[in-house]
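Engineer: Residue numbers (my numbering), protein chains in the order written: chain A, 1 to 395; chain B, 396 to 474.
Treat the hints as calculated values from the structure; they're not laboratory data.
As the structure is a computational prediction, the values presented were derived from the model and not from experiment.
Among the hints, erroneous ones may be present.
Stretch by stretch, here's where chain B covers chain A in the computed footprint (C-beta under 8 angstroms, at least three residues) [unchecked claim]: (1) 167-181; (2) 244-258.
Here are some of the chain A residues that sit facing chain B, going by a computed Cβ distance under 8 angstroms [claimed, not checked]: (3) Ala156; (4) Gly214; (5) Ser228; (6) Ser342; (7) Ser345.
Every residue, glycine too, gets a C-beta built ideally from N, C-alpha and C.
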Amino acid sequence: MTNPEDTTPDDTHTGRYLVLLEDDAAAAGTRELNRIAGIRVASTAEAAATDFPAPDGVVLHRLGVAVVDADPDQVSALSRAVDEPGPIAALEAERRVFAISAAAEAAPVPEVDQSVFTWGLQAVGAPGSQATGAGVRIAVLDTGFDAEHPEFAGRAVTTTSFVTGETAADGHGHGTHCIGTAAGPRQPGGGPGYGLAYEAEIFAGKVLSNAGSGADGGILSGIAWAVSNNVHVVSMSLGAAVAPGTPYSQTYERVASRALAQGTLIVAAAGNESRRQDGLIAPVGHPANCPSVLAVGAIDVTGTLGWFSCGTVDNIGAVDVVAPGVDVYSSWPRPKLHNTISGTSMATPHVAGVAALLAQATGARGWALWARLEQLARRLALPSTDVGAGLVQAP
Amino acid sequence: MTVPVLVTVGDDALGRLTAVVAALESAGMRVDRVLPEIATITGAADQGAFAALRAVSGVDGVERAGPGFAVPHPGKGVQ
Chain A
1 MTNPEDTTPD DTHTGRYLVL LEDDAAAAGT RELNRIAGIR VASTAEAAAT DFPAPDGVVL
61 HRLGVAVVDA DPDQVSALSR AVDEPGPIAA LEAERRVFAI SAAAEAAPVP EVDQSVFTWG
121 LQAVGAPGSQ ATGAGVRIAV LDTGFDAEHP EFAGRAVTTT SFVTGETAAD GHGHGTHCIG
181 TAAGPRQPGG GPGYGLAYEA EIFAGKVLSN AGSGADGGIL SGIAWAVSNN VHVVSMSLGA
241 AVAPGTPYSQ TYERVASRAL AQGTLIVAAA GNESRRQDGL IAPVGHPANC PSVLAVGAID
301 VTGTLGWFSC GTVDNIGAVD VVAPGVDVYS SWPRPKLHNT ISGTSMATPH VAGVAALLAQ
361 ATGARGWALW ARLEQLARRL ALPSTDVGAG LVQAP
Chain B
396 MTVPVLVTVG DDALGRLTAV VAALESAGMR VDRVLPEIAT ITGAADQGAF AALRAVSGVD
456 GVERAGPGFA VPHPGKGVQ
């Protein structure tokens, strides 16, 4: 962390400050900010924080972070509070964001006709690739799968539920959407092709309930299941937000490293907690922040970073690559069949699908497959802290 | 307070996982899952027992499990 007291508005900092609050202490932290520094902040959920509604700042409840204006005396008071017991855990200068304004010229797909293929498939160069994913196993650990979806008829699919009391059927939709992008059809017979590794063998592990929630035990069980089935690529469009400076999980790091050594690459969503329109970049979430988990950010059809896409904000957790994650069309459980949604959850299976194509085309596994993904990625004129090696490309 | 816990086992101890599990249980851990493919054991333990779990021969790391994961309702916002 830089010394917050030295910060004035410049090219890299906004002049505002991020105040990290202790776990579950947003309300107490809000009162403490006012008590010790006279800072008044609005207690809104971050979803509504399109602009500062209060004079001094806003509290982002889910992140446990307040973004505040503070003069030097107030900064000193806050710095003292960090060192004392109480709800204020850390203070740092807010970083300036360049992504959105810098993105316009980097558009990889300026005008997109989606009648044959989704914009996402086109952006990663899938239509021109000879690879199909045949012989490659891809696991999606998510809310399950609608295995009776008509556009997956005849596909090799293995499903297992790690959620107590629920079958592997997808009662949410998120899992079926992610599987569609990673391994769904190229010629579904109606509407655009949306699947990358369209001949890959699909392993659908349900680790998130129909309500969309899960825990470490089920997710690790899903990873173990994938490894024991010699799956080549594991796609995890899941994560938990972390506060800046939070160490990554030693357990997941060791698990991911061991999986890589056995030829299984784990790809995970960077997270959706940024509010880039407000200048806020949230750190890569758990478990994507582990060095041995490939972290995926999201771009839109113009090549602009998704406003929600998490970034590299400290020395813990780097965005490794980006992929299409805004307005992504893919499969959805019957009877709806298709849906168009956004998030780093949608970018992640694009990377997993491209990885499966690369695994087939090159024979690369584990760390070698990771290297191939980054080697082939198209560099973008955006900060590496936001996009890593760039936009993944099919072989 | 009993909390969910994740235990990783060193490569050198993978051949005697059953003994490691037994020793963890003796040290106060309730074991839920043994995952040999990723050398990980999940379960629950009192936070005061973490030091004893770390002292078990073959244990590589002991960590409290996270609060959980969630994706939003399918009709809502960013996924």
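Engineer: Confirm or reject each hint.
Structural biologist: We went through each hint and held it up to the structure:
no.: 1; hint: 167-181; result: holds (count 4)
no.: 2; hint: 244-258; result: holds (count 6)
no.: 3; hint: Ala156; result: violated (21 angstroms)
no.: 4; hint: Gly214; result: holds (5 angstroms)
no.: 5; hint: Ser228; result: holds (5 angstroms)
no.: 6; hint: Ser342; result: holds (5 angstroms)
no.: 7; hint: Ser345; result: holds (4 angstroms)
Of the numbered hints listed earlier, the single one contradicted by the structure is hint 3.
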